[in-house]
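First to last, the sequence lines map onto chains P and F. End of the first sequence sits at 198 in the numbering used here; the numbers just go up one at a time, nothing left out. End of the second sequence sits at 537 in the numbering used here; the numbers just go up one at a time, nothing left out.
Source of the hints: derived by calculation from the structure; they are not laboratory data. A couple of the hints might just be wrong.
Stated by the list, open to error - Taking lysine to any residue pairs in the SDA-like style, the calculated list, with each CA pair at most 20 Å apart, reads:
(1) K150(P) x D163(P)
(2) K510(F) x R63(P)
(3) K235(F) x R121(P)
(4) K235(F) x R139(P)
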Amino acid sequence: MRIGVLAVQGDVEEHEYAVRRAMERLGINGDVVRVKRVEDLTGLSGIIIPGGESTSIWRLTSRGNLMDKLRDEITNGLPVMGTCAGAIFMAREVRDRVVGETGQGVLNVMDISVVRNFYGRQRESFETTLNIEGIGTVRAVFIRAPAIVKYWGSAKPLVAYGDNYPVVIENNMLALTFHPELTTTLIHEWFIMNLVKR
Amino acid sequence: MSISPGLEYLDKLRDFLYGMLEFRDRLREVGVQWPVKLPNALPGTVNVKVGFPAMLRNGVIMDVTNVEQAQIAEEAGAVGVMVLDKLPYDVRKAGGVARMADLKVIEDVMNHITIPVSAKVRIRHYYEAVLLESIGVDLIDESEVLTPVDEQHHINKWMFRVPFVNGCRELCEALRRISEGASMIRSKGEAGTGNVSEAVKHFKVLNRAIQELSSAYREGDEERLRDFARQCQVPMELVTLTARLGRLPVITFAAGGIATPADAALMMWLGADGVFVGSGIFKSQDPRQRAEAIVLATAYWDDPETVVEAQKMVSEKSAMVGIDVRTLKPEELLQTRGV
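Build out the structure end to end from the sequences listed, making use of the hints.
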């Protein structure tokens with residue numbers, strides 16, 4: 001098994017560590033690789049899009065054709081998990097709470113509508129406990145987090161929080177608006193067992 | 199007139215109410231909504247304060263003095279901006295007391311860009327920090343570039359919900375700042391010089407000390423760790439954690455004199471998690487290209503081909519002129535402020 005972490009910007013190391021730990025706990029022999037170039041996409045069993053600044057990730061992946069190739073792979077069924085900026089990057093609709101239309105490019109693969117910086121600024125960032133359907137109870141850290149405010153088609157939320165949906169699954173895609181990599185390996189284990197090994 | 203005017207009125211009222219519901223849904227779609235109480239939300243925890251800088255990894259934070267520069271930074275792919283009244287280079291030229299930027303300018307920047315907005319406060323100036331937290335700045339830099347208000351102490355950063363970044367020249371200084379509650383560390387370098395040599399020195403000194411601690415930890419030499427903790431006046435637990443990790447336990451950026459894509463790549467190669475660029479961008483002749491090139495070189499520092507491409511995007515003829523650190527008098531050094 002070979003899991004990639006999109007590594008142009010963001011908390012790549014935290015995800016690598018979480019994937020390694022998850023594999024250990026599941027007794028799976030596998031590799032974690034950084035994806036920075038188109039070549040790095042070959043032979044992956046799954047990919048993670050980390051948290052970070054979605055505008056920076058977009059700017060850097062739209063150089064060359066990394067973004068287009070990544071979109072093709074995901075559309076062709078490559079299992080993907082996006083956290084925070086990653087969820088923004090996969091959405092079909094993105095808006096910002098303060099500036100509205102941001103004009104930023106996204107992969108446009110998941111039937112969700114995302115509002116950036118939904119809860120406010122860093123001062124309003126928080127952590128809480130979520131009980132996620134089929135996964136369990138996790139400590140969730142929301143950092144300048146977006147919110148998934150709408151889903152349609154075959155997208156399905158696994159938990160609701162306030163008025164929005166921090167975890168949404170659609171076929172081979174899992175979007176989270178918080179950062180499991182900072183607190184737990186449970187979500188990574190679930191991703192490996194249920195999406196990658198399918 | 200209908201025989202039941204009351205009912206007609208009710209129809210209109212019902213239409214109006216449904217209209218309001220639609221309006222609410224439309225607002226929700228764009229993210230505006232009636233305040234919903236978030237269940238069990240804990241703001242400002244250590245996870246939240248230390249987790250935020252982790253999201254800036256492999257990124258560039260750029261010094262800006264107005265909205266226009268902030269937008270250039272955002273368009274270039276910066277992970278954040280740092281709002282100042284004057285760029286460090288101009289602080290040197292202007293002399294006098296350097297203070298926090300205008301709150302109005304900071305708010306203006308916050309309203310126009312989507313990436314995190316940071317701002318600097320003077321060392322130990324609690325009230326500037328309180329003001330910045332109140333207007334909602336994402337990260338506060340307790341910075342030696344501004345004029346310190348206390349020569350002995352720094353702000354107790356545990357009091358704040360907003361994360362702080364502090365500068366350091368060596369490991370003891372870094373660990374003292376972390377024990378005071380800093381969520382992120384940067385090298386001090388020598389700001390406003392366009393000369394990266396001091397930042398290089400600070401990173402090398404930092405790394406060497408961490409390596410020494412790490413080997414003491416591996417050898418089980420608790421005495422050496424304890425001596426170090428005593429010498430630095432920081433908790434033993436923090437020293438042990440650093441030794442075990444083989445790196446600072448918080449995100450560590452390079453800062454001070456970074457002016458070219460190659461400078462940024464060099465600092466990443468020395469182990470920085472990301473870079474701050476101060477005067478280097480907006481004191482050059484080609485800020486747009488330079489900002490983009492430095493972002494590229496930082497993200498792809500481990501790929502010389504891409505750094506070549508980045509370095510070619512800018513011309514040395516347009517770079518900021520810079521100041522040789524050796525020509526500065528001891529009292530002109532910014533890095534020695536605050537220990």
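Taking the hints in turn, this is what the structure says about them:
The hinted pair formed by K150(P) and D163(P) meets the criterion: a straight-line CA distance of about 10 Å does not exceed 20 Å. Only pairs whose Cα atoms come within 20 Å are accepted, and K510(F) paired with R63(P) is accepted, the gap being roughly 16 Å. About 17 Å separates the Cα atoms of K235(F) and R121(P), which keeps this hinted pair within 20 Å; it holds. Annotation: proposed proximity of K235(F) to R139(P) holds, straight-line Cα distance about 18 Å (limit 20 Å).
Taken one by one, the earlier hints all hold for this structure without exception.
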